[in-house]
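*Asks:* Listed below, chain by chain, are the residues.
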Amino acid sequence: MEKIQKLEAVASQVRRDLLRMIHAKNSGHPGGSLGVTDLIVSLYFEIMDHDPKFDMNGNNQDLFFLSNGHTSAAWYSTLARAGYFPVEELGTFRALDSRLQGHPTTAEHLPGIRIASGSLGQGLSVACGAALAKKLNKDSKFVYCLMGDGEIEEGQVWEAAMFAQARKIDNLIAFVDFNGQQIDGSVKEVLNLSKIREKWEAFNWNVLECDGNNMQELINTINMAKDLSGKEKPVMIIMKTEMGKGVDFMMGSHKWHGVAPNDEQLKLALSQLEETLGDY
Amino acid sequence: MSKYTYTEKKDTRSGFGAGLFEAGKKNENIVALCADLTGSLKMNDFEKAFPERFFQAGIAEANMTGTAAGLTIGGKIPFAGTFAGFATGRVYDQIRQSVAYSNKNVKICASHAGLTLGEDGATHQILEDLGLMKMLPNMTVICPCDYNQTKAATMAIAEFEGPVYLRFGRPAVPNFTDPDQKFEIGKAQQLYEGSDVTILATGHMVWKAIEACELLLAKGIKADLFNIHTIKPFDAKTVLSSVKKTRALVCAEEHMLNGGLTDIAVQTTALNFPVPAEAVAVFDTFGESGTPDQLMEKYGLTTENIVNAAEKVIKRKL
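Just so you know, the sequences run in chain order U and X. The numbering of the first sequence is the working numbering, which starts it at 1 and goes up by one. The numbering of the second sequence is the working numbering, which starts it at 1 and goes up by one.
Simulated from the structure, these hints should not be mistaken for lab results. Every residue, glycine too, gets a C-beta built ideally from N, C-alpha and C. Among the hints, erroneous ones may be present.
From chain U, some residues computed to sit far from chain X (all C-beta separations above 10 angstroms) [claimed, not checked]:
| id | residue |
| --- | --- |
| 1 | Leu96 |
| 2 | Ser125 |
| 3 | Cys128 |
| 4 | Met224 |
| 5 | Asp248 |
| 6 | Lys267 |
Distance windows between CB atoms, simulated [said to hold, decoys possible]:
| id | chain 1 | residue 1 | chain 2 | residue 2 | range |
| --- | --- | --- | --- | --- | --- |
| 7 | X | Tyr92 | U | Pro86 | 51 to 59 angstroms |
| 8 | U | Val259 | X | Tyr92 | 29 to 37 angstroms |
| 9 | X | Met135 | U | Ser194 | 36 to 44 angstroms |
| 10 | U | Asn204 | X | Glu184 | 27 to 35 angstroms |
Hey, can you work out the whole structure from these sequences and the hints?
*Replies:* Listed below in structure tokens is the structure:
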């Protein structure tokens with residue numbers, strides 16, 4: 001229980017960080033970032049075997065790929081809080097000459113980033129390649145990949161879904177952040193995905209579901225996914241989240257996808273999130 | 001008697017296949033992917049010898065490109081092969097973000113480029129690929145001229161760190177370069193020396209340019225001929241030094257005028273040392289069905305076209 005409380009404390013700080021980062025530049029994507037915070041924190045602070053002394057190949061380490069790169073603020077804060085780079089650098093998010101570009105990139109050599117993402121639908125293919133490299137290297141660690149639910153409207157995702165099972169990539173655990181929202185409205189209205197679980201099952205993946213904003217449930221589900229691995233099938237975790245999670249007036253709407261809070265809204269939002277590790 | 005001779009005609013794609021196999025023997029980190037065209041790309045020898053390092057990607061080029069980028073994370077050197085049209089235009093954004101911008105050590109291997117693909121027609125005859133690839137920062141773009149050179153280039157890019165686009169083709173063409181050559185990325189290869197006109201040729205047009213040089217010599221015209229096997233980085237130093245001597249330029253390529261060899265060569269001379277130039281290239285049109293020879297003739301990519309271009313540009317000298 002204490003472990004869960006510690007993780008929740010990190011998540012609270014990450015949410016504060018990302019809101020302050022987005023507010024400072026009056027640009028960024030708070031809604032999705034708040035929604036995926038619990039997953040990214042659980043991976044870096046509990047699940048993954050990883051080394052903040054970053055090297056690109058990451059041999060004998062678990063790897064994480066953020067395919068929906070617009071939620072970069074949550075990832076940057078988590079990486080900084082996990083020791084990849086100084087937390088003060090979070091203040092440079094989206095600034096000229098920063099390593100913390102609007103969307104993640106290797107071009108500025110920020111520790112923790114292994115591929116550029118932002119143009120959607122590409123991360124699962126990259127994760128497949130990294131997982132195959134691990135197999136060739138006899139490296140038994142895992143590859144994790146997070147996608148948005150709107151993102152899986154991209155055709156490349158389904159090419160990768162086919163490829164992963166055909167090539168028996170069973171050291172791969174992927175997540176769909178199922179918050180039901182995208183830029184133009186709800187996913188149902190914009191391009192109804194219909195039966196998500198059945199789609200991944202039909203593509204011959206093992207599929208699990210969980211509440212992506214419940215730390216205990218996330219950890220239990222990822223551990224179940226690890227148990228399912230190594231059996232010639234990739235694993236998909238469909239993770240139900242709330243866009244804007246943690247800030248009452250941002251929750252449940254697509255309107256906070258790409259809008260920064262103003263001074264007053266930031267103040268109100270921060271009043272709902274405990275400062276646990278000290279603001280940057 | 002021509003300065004250059006050959007004993008057989010061979011396809012450049014077979015040079016790629018042979019080079020890939022050799023590179024694979026030398027370095028176990030080399031892996032290959034193919035989008036359901038293993039036989040056409042001549043990747044069978046690699047597949048047979050190293051089945052665990054060969055990944056059939058199916059007809060899903062976007063995923064193949066992303067997977068190749070991912071394989072570099074872990075130290076692999078992926079060679080991803082398909083037809084040039086599908087290797088570039090179809091997956092431009094995947095190459096842009098996951099390969100070029102991310103600066104991944106992926107080798108994009110593109111066969112059946114240009115009109116000489118022949119009867120399949122314009123859907124498969126990409127003439128824009130060099131331009132698409134050379135516009136991308138971090139990308140090296142290579143277009144070798146015959147079997148031996150394609151084999152050497154394939155082995156050279158295996159040892160070069162960074163994203164590469166390697167273009168080759170379908171038809172059998174004269175195999176005249178040294179089988180033991182060392183391929184120097186970015187270095188123009190001089191084939192004839194002369195001071196009347198500079199001719200730059202790439203890919204399948206190099207042999208035609210050699211034939212053109214012989215015909216020009218018979219007319220008393222001495223050309224400075226270079227095989228531009230590396231489109232990017234472009235060997236500006238060599239080309240500028242040649243045009244300063246000849247003051248006239250001809251470019252020959254099996255590619256659209258926009259974006260290809262002429263584009264970079266004329267940009268380089270215009271910015272540094274302007275000289276009159278003529279192009280033997282495809283002018284803003286798609287191809288069509290036909291035999292390779294019929295198509296090269298109809299679209300103006302023959303030996304005679306190079307000779308005419310050289311004579312014309314010499315008359316235009318300032």
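*Asks:* Using the beta carbons of Met135 of chain X and Ser194 of chain U, state whether their distance is inside 36 to 44 angstroms or not.
*Replies:* 39 angstroms, holds
*Asks:* Would the non-interface assignment of Cys128 of chain U survive a Cβ cutoff of 10 angstroms against chain X?
*Replies:* 5 angstroms, violated
*Asks:* Any Cβ of chain X at or closer than 10 angstroms to Lys267 of chain U, or is the non-interface label fine?
*Replies:* Nearest chain X Cβ is 37 angstroms from Lys267 of chain U, so the label holds.
*Asks:* Asn204 of chain U and Glu184 of chain X, beta-carbon distance inside 27 to 35 angstroms?
*Replies:* 47 angstroms, violated
*Asks:* Is the nearest CB of chain X more than 10 angstroms from the CB of Leu96 of chain U?
*Replies:* The assertion about Leu96 of chain U holds, with a minimum of 18 angstroms to chain X.
*Asks:* Hint says 29 to 37 angstroms; check whether the CB-CB distance for Val259 of chain U and Tyr92 of chain X agrees.
*Replies:* This hint holds: roughly 30 angstroms between Cβ atoms.
*Asks:* Find the nearest Cβ of chain X to the Cβ of Met224 of chain U and say whether that gap is larger than 10 angstroms.
*Replies:* 25 angstroms, holds
*Asks:* Could you let me know if the closest chain X CB is still more than 10 angstroms away from the CB of Ser125 of chain U?
*Replies:* 3 angstroms, violated
*Asks:* Return holds or violated for the Cβ distance of Tyr92 of chain X and Pro86 of chain U against the range 51 to 59 angstroms.
*Replies:* Roughly 37 angstroms apart at Cβ, these two residues miss the hinted range, so it is violated.
*Asks:* Is the claim that Asp248 of chain U lies outside the interface with chain X correct, judged by CB distances over 10 angstroms?
*Replies:* Answer for Asp248 of chain U: holds, closest chain X Cβ roughly 35 angstroms.
The structure is inconsistent with the numbered hints 2, 3, 7, 10, although it conforms to all the rest.
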